[in-house]
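Participant: Sequence:
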Amino acid sequence: MVTGELFIGNSTALLTLLKDAARVAPTEATVVITGESGTGKSLLARWLHEQSRRANGPFVVIDCGSLPEALLEAELFGFERGAFTGAVAAKPGRFEAAQHGTLVLDEIAALSPAAQAKLLRVIEERRVLRLGGSRALTLDVRLVAVTNTDLTAAVARQSFRADLFHRLNVISLAVPALRDRPTDIPALARHFLAQAAHRHGCPPPPLDAEALSFLEGYDFPGNVRELRHAMEHALVTAAPSVIRREHLPQRMTSAAALMQHRMHKPTLAELEATYIREVLQQVGWRKAEAARILGISRKNLYEKLRAYGIPYQPASRMLTNPDTPA
Numbered sequence: 016m017v018t019g020e021l022f023i024g025n026s027t028a029l030l031t032l033l034k035d036a037a038r039v040a041p042t043e044a045t046v047v048i049t050g051e052s053g054t055g056k057s058l059l060a061r062w063l064h065e066q067s068r069r070a071n072g073p074f075v076v077i078d079c080g081s082l083p084e085a086l087l088e089a090e091l092f093g094f095e096r097g098a099f100t101g102a103v104a105a106k107p108g109r110f111e112a113a114q115h116g117t118l119v120l121d122e123i124a125a126l127s128p129a130a131q132a133k134l135l136r137v138i139e140e141r142r143v144l145r146l147g148g149s150r151a152l153t154l155d156v157r158l159v160a161v162t163n164t165d166l167t168a169a170v171a172r173q174s175f176r177a178d179l180f181h182r183l184n185v186i187s188l189a190v191p192a193l194r195d196r197p198t199d200i201p202a203l204a205r206h207f208l209a210q211a212a213h214r215h216g217c218p219p220p221p222l223d224a225e226a227l228s229f230l231e232g233y234d235f236p237g238n239v240r241e242l243r244h245a246m247e248h249a250l251v252t253a254a255p256s257v258i259r260r261e262h263l264p265q266r267m268t269s270a271a272a273l274m275q276h277r278m279h280k281p282t283l284a285e286l287e288a289t290y291i292r293e294v295l296q297q298v299g300w301r302k303a304e305a306a307r308i309l310g311i312s313r314k315n316l317y318e319k320l321r322a323y324g325i326p327y328q329p330a331s332r333m334l335t336n337p338d339t340p341a
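The opening residue of the sequence shown carries number 16 in the numbering used here; numbering runs sequentially from there.
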């Protein structure tokens, strides 16, 4: 499925979105999909179409933010021959192209006030007239608007028409940022690794625990798209060995280190675990001596080692004699 990666994971945020989307998909309701860049809004729009009664009809997307205003109206509504200089032949617009299907208005907040007014009229009348034309076409199109802008705030700033917003915002679906669904990151990372490995013709290498832990704690300003690119970078950098933190893009690891330095405040448990490790290292991992310095019993020390996941002996000794307690 084209939209398969959108459904990878079992976080509460993702499951809530999918439940709401499944309820909306079979209906004719106009939908506004919101979310940060890179979260998968366009994938959700396509899935809504695929699960609707219009699935066999066209699925048409227009990026409202990429076209200059002078061209946008012609792209949306179409034009007749001679409608303007250069119009040497008639051309249907995206509304006509989406007849009996779904039209996705991507980055709708980028529309100018004039374009918003014309779009509102088309939505209200359910009819579209080509530029330079004289005969209107009755529309049978489902609309899905996609944006990474807070439209409610845009209405308050008067940069987006309130009447158009209310016409579009029959149903709103918010795609969560990746940082709000961290439990989905391991499955997504392995999925993207497998995809990248297939493209590069090699087996997907495993992710070590430290790299995976880093990914789960990373903020991902670029969301799912950033994770996809990071996994391909790691594959190319590490292949064919195990992917470690140093194989991830430097922009991620550098930014994360700075963020952790500025923002992270360790818990009491983290401080205690760090101190216990330091004492053990200072006394050569002699448990009785470490317990004496820490002011606890040897039994209590072993309980803390288990609780904090601290090994009973240093890694170098475990490699040579893993079964011997220190």
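These aren't lab readings, by the way, just hints derived from the structure by calculation. Watch out, some of these pointers could steer you wrong.
Stated by the list, open to error - Below are the DSSO-like pairs computed for lysine-lysine, each with C-alpha atoms no more than 27 Å apart in a straight line:
no., residue 1, residue 2
1, Lys-319, Lys-302
2, Lys-302, Lys-314
3, Lys-133, Lys-106
Stated by the list, open to error - The calculated label-pair distances, taken between Cβ atoms and stated as ranges, are:
no., residue 1, residue 2, range
4, Arg-194, Gly-310, 37 to 43 Å
5, Ser-228, Val-251, 20 to 26 Å
6, Arg-142, Thr-27, 52 to 58 Å
The C-beta atom is built at its ideal place from N, Cα and C for all residues, glycine as well.
Participant: Taking the hints in turn, state whether each one holds.
Facilitator: Hint-by-hint comparison with the structure:
The straight-line distance between the Cα atoms of Lys-319 and Lys-302 is roughly 12 Å, inside the 27 Å bound, and the hint therefore holds. In summary, the hint linking Lys-302 to Lys-314 is supported, as the alpha carbons are separated by about 10 Å, within the 27 Å threshold. The straight-line distance between the Cα atoms of Lys-133 and Lys-106 is roughly 18 Å, inside the 27 Å bound, and the hint therefore holds. Checked against the hint of 37 to 43 Å, the C-beta distance between Arg-194 and Gly-310 comes to roughly 40 Å, which is consistent with it.
Roughly 22 Å separates the CB atoms of Ser-228 and Val-251, a value that falls within the hinted 20 to 26 Å. Here the CB-CB span from Arg-142 to Thr-27 is close to 43 Å, at odds with the stated 52 to 58 Å.
Comparing the model with each earlier hint shows a violation of hint 6 alone; every other hint is respected.
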